[in-house]
Amino acid sequence: MISYVRSKCPLVHSITNYVTVNDVANAILAIGASPIMSDEIKDVEDIVSISNALNINIGTLNERTVESMVKAGRKANELGIPVILDPVGAGASSFRNETVDRLLKEVKFTVIRSNLSEMCYIDSGLKGTKGVDSNLDENDISPEVVAKRVSEALGVVSAITGKVDVVAYKGKVAKIRSGVSEMKRITGTGCMLSGIIASFVASIDDPFLATANALASMGAAGCLAYERVKELGTGSLRVAIIDELSKMSDDTIKERGEIEIC
Amino acid sequence: MISYVRSKCPLVHSITNYVTVNDVANAILAIGASPIMSDEIKDVEDIVSISNALNINIGTLNERTVESMVKAGRKANELGIPVILDPVGAGASSFRNETVDRLLKEVKFTVIRSNLSEMCYIDSGLKGTKGVDSNLDENDISPEVVAKRVSEALGVVSAITGKVDVVAYKGKVAKIRSGVSEMKRITGTGCMLSGIIASFVASIDDPFLATANALASMGAAGCLAYERVKELGTGSLRVAIIDELSKMSDDTIKERGEIEIC
Amino acid sequence: MISYVRSKCPLVHSITNYVTVNDVANAILAIGASPIMSDEIKDVEDIVSISNALNINIGTLNERTVESMVKAGRKANELGIPVILDPVGAGASSFRNETVDRLLKEVKFTVIRSNLSEMCYIDSGLKGTKGVDSNLDENDISPEVVAKRVSEALGVVSAITGKVDVVAYKGKVAKIRSGVSEMKRITGTGCMLSGIIASFVASIDDPFLATANALASMGAAGCLAYERVKELGTGSLRVAIIDELSKMSDDTIKERGEIEIC
Chain X
844 MISYVRSKCP
854 LVHSITNYVT
864 VNDVANAILA
874 IGASPIMSDE
884 IKDVEDIVSI
894 SNALNINIGT
904 LNERTVESMV
914 KAGRKANELG
924 IPVILDPVGA
934 GASSFRNETV
944 DRLLKEVKFT
954 VIRSNLSEMC
964 YIDSGLKGTK
974 GVDSNLDEND
984 ISPEVVAKRV
994 SEALGVVSAI
1004 TGKVDVVAYK
1014 GKVAKIRSGV
1024 SEMKRITGTG
1034 CMLSGIIASF
1044 VASIDDPFLA
1054 TANALASMGA
1064 AGCLAYERVK
1074 ELGTGSLRVA
1084 IIDELSKMSD
1094 DTIKERGEIE
1104 IC
Chain E
844 MISYVRSKCP
854 LVHSITNYVT
864 VNDVANAILA
874 IGASPIMSDE
884 IKDVEDIVSI
894 SNALNINIGT
904 LNERTVESMV
914 KAGRKANELG
924 IPVILDPVGA
934 GASSFRNETV
944 DRLLKEVKFT
954 VIRSNLSEMC
964 YIDSGLKGTK
974 GVDSNLDEND
984 ISPEVVAKRV
994 SEALGVVSAI
1004 TGKVDVVAYK
1014 GKVAKIRSGV
1024 SEMKRITGTG
1034 CMLSGIIASF
1044 VASIDDPFLA
1054 TANALASMGA
1064 AGCLAYERVK
1074 ELGTGSLRVA
1084 IIDELSKMSD
1094 DTIKERGEIE
1104 IC
Chain S
844 MISYVRSKCP
854 LVHSITNYVT
864 VNDVANAILA
874 IGASPIMSDE
884 IKDVEDIVSI
894 SNALNINIGT
904 LNERTVESMV
914 KAGRKANELG
924 IPVILDPVGA
934 GASSFRNETV
944 DRLLKEVKFT
954 VIRSNLSEMC
964 YIDSGLKGTK
974 GVDSNLDEND
984 ISPEVVAKRV
994 SEALGVVSAI
1004 TGKVDVVAYK
1014 GKVAKIRSGV
1024 SEMKRITGTG
1034 CMLSGIIASF
1044 VASIDDPFLA
1054 TANALASMGA
1064 AGCLAYERVK
1074 ELGTGSLRVA
1084 IIDELSKMSD
1094 DTIKERGEIE
1104 IC
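Residue numbers (this note's numbering), protein chains in the order written: chain X, 844 to 1105; chain E, 844 to 1105; chain S, 844 to 1105.
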């Protein structure tokens, strides 16, 4: 599937946080797509109009950029361009919650990708996000059940990343078991993944398969990177993940991505 | 002491500049704490409320974020959460000076960490910062004297980094001689250090020892990184510093940190 | 020529995008200059006043920062400090076009550096930028002709980067053939280059030779980096480019920079 991304080279417009934006751009480039970032309200409609996907990430949202997210999202909907939501920190603050609620009301998303805690906020208003990491016990709540419920309620592909990643859409579920827990020791793997999903969804007709393959690419890249540099430390791990994404092939996804479709 | 950070895994809220924010997040993760970034005035009180420390860095301040810094700082004070100030470029512009003056008036800080020039601005209104680097001759001005004076006047732990780092608090002084001058050839070592101090102070009761150990961790990481990659260049040095932070242990701090407490 | 940069160590004020700002700062440091970033309208005049060059990059412009760009540019003109423009995405949106038009009207630039598509917007109002990458066929339009026309019309050094880089000024043309196409697979090489040009122009009297040597430094760094890490991937390539810049010498520029002056 990554071969479709590499041959189409879609332009992916990201309105994303300034913490990991460079990694998002480099991850999008690494898999063969082309990144563009713009969060100015006077600019976003023009940029969306030349793009093949829109990736909205609320990690460092502010009042100005939230308006740009809404405007860009509506324009993307009007043009039939897929829109991805990464609701970073949903559940952690009122402003993040209100923003997620507003985005879900005003924009039709193709994919929502988050950790379990953030998806639980979307699912049921459950509070309890600790920062941007999930602090819910995955033993207590089934990611599969939550992903399915959100997918059905909103008509989106719902992807929850964690020990095992789960993707749900129209009765189908994919589980991705690649990836290593050390990926949590660097910032931005989730944000990069959302940019990668946007690139895949812009290149492949089936958003469920596109999302599952995007997750498997990231998981495989994480495994390969960790095998190569684990003795060095987390700075090298970050660099190596981009390295492995830049060499990722459909064969590697098949061998190392560990996708199971149920 | 880093073992306390790794076992507590404190959540550190940073309002910091967009130049080095990714390195700050990765440094905080590397030493075992958890980063969260938010600078929206409607968001910061909620985020501070779930955090264990607040790290304020004025590197790319603007009118909007200064209000968020003040609001977050006051909330942290109200909740008894330690607050760290990195007054980047104090002395270099009126707006930076006014912001530092206002922050010092409205927020009670636990630690102030800066270079000598910036601390001199706080100490005495001495002007003369060149950019974000110290251009004062450390032979003319004693960092120890300045650090002590600021510490006593404001009741804070005062940490000045330079050839030898100095930490002053309640009559005690620590000198840290680890670190290498090549660390100045990459951006962000100071900003990372302030994030690391916030993580230590959130995990250890004594803010003086916490700060001294944070500086020793960074110094030891710089030394080890430089020994490993000095032939390669400064891009690799940046990556290697994060690597070494991710492997840092109390034994390494003891062996390589070169802390002297007077 | 890089020896001039290393001995003068100019302070370079950048108002640049948040996607690649860290790479810009590290590239400026690597070649021996000193970076400072500030985009707050109340701050920029003071910061320009202590700087040796101003680097304006509109990659993630917004209404607030555009005002700061204009104010900083006018102050730099008043003080006789060189100003560099990187018109990222010119041609891709009305707001970017209006901003470029306004900057060109209100600020006198020393150097404009862009890809062919962006320079074509400046040249003739040709539309057609695809994101931030050139999608014009260099076979159809001669970068040399465009660079010369912009240089003559605006009295600036005009530098267009592409397969072969072209620099035009006062009837002279330089072509730089170093660099590798893989540099396009990482974000920020253009932005870093603009920061490097600012550093060279701040250190060397002749802005044409300064710009040509800046381009040759970046090209040589790209070649050397690619030779060293091509098996690893694009994450390592990004790190290695900064490495090679930090070791760059006039001898290496002569041997590997491939400058031809016509």
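Accuracy of the hints is not assured; some may be wrong.
If chains are identical, the list can't say which one is meant, so a pair holds when it fits in one copy or spans any two.
Said to hold, decoys possible - Using 20 Å as the maximum straight-line C-alpha spacing, the simulated EDC-like pairs for lysine to aspartate or glutamate come out as follows: (1) K1013 / E949; (2) K1027 / D944; (3) K1073 / E941; (4) K885 / E941; (5) K1073 / E906; (6) K951 / E1025; (7) K1018 / E941; (8) K1090 / E1070; (9) K948 / E906; (10) K1027 / D1049; (11) K1090 / D983; (12) K851 / E1025; (13) K851 / E941; (14) K885 / E906; (15) K951 / D1094; (16) K951 / E1074; (17) K991 / E1025; (18) K851 / E1098.
Keep in mind the hints are simulated off the structure, nothing from the lab.
Checked hints:
no.	hint	verdict
1	K1013 / E949	neither (22 Å within a copy, 54 Å between copies)
2	K1027 / D944	neither (27 Å within a copy, 38 Å between copies)
3	K1073 / E941	neither (40 Å within a copy, 46 Å between copies)
4	K885 / E941	between (23 Å within a copy, 11 Å between copies)
5	K1073 / E906	neither (40 Å within a copy, 43 Å between copies)
6	K951 / E1025	neither (33 Å within a copy, 36 Å between copies)
7	K1018 / E941	neither (30 Å within a copy, 48 Å between copies)
8	K1090 / E1070	both (15 Å within a copy, 17 Å between copies)
9	K948 / E906	within (17 Å within a copy, 27 Å between copies)
10	K1027 / D1049	neither (29 Å within a copy, 29 Å between copies)
11	K1090 / D983	neither (38 Å within a copy, 32 Å between copies)
12	K851 / E1025	between (32 Å within a copy, 18 Å between copies)
13	K851 / E941	neither (36 Å within a copy, 31 Å between copies)
14	K885 / E906	both (15 Å within a copy, 8 Å between copies)
15	K951 / D1094	neither (33 Å within a copy, 53 Å between copies)
16	K951 / E1074	neither (44 Å within a copy, 41 Å between copies)
17	K991 / E1025	neither (27 Å within a copy, 41 Å between copies)
18	K851 / E1098	neither (23 Å within a copy, 38 Å between copies)
Checked against the numbered hints listed earlier, the structure breaks hints 1, 2, 3, 5, 6, 7, 10, 11, 13, 15, 16, 17, 18; every other hint is satisfied.
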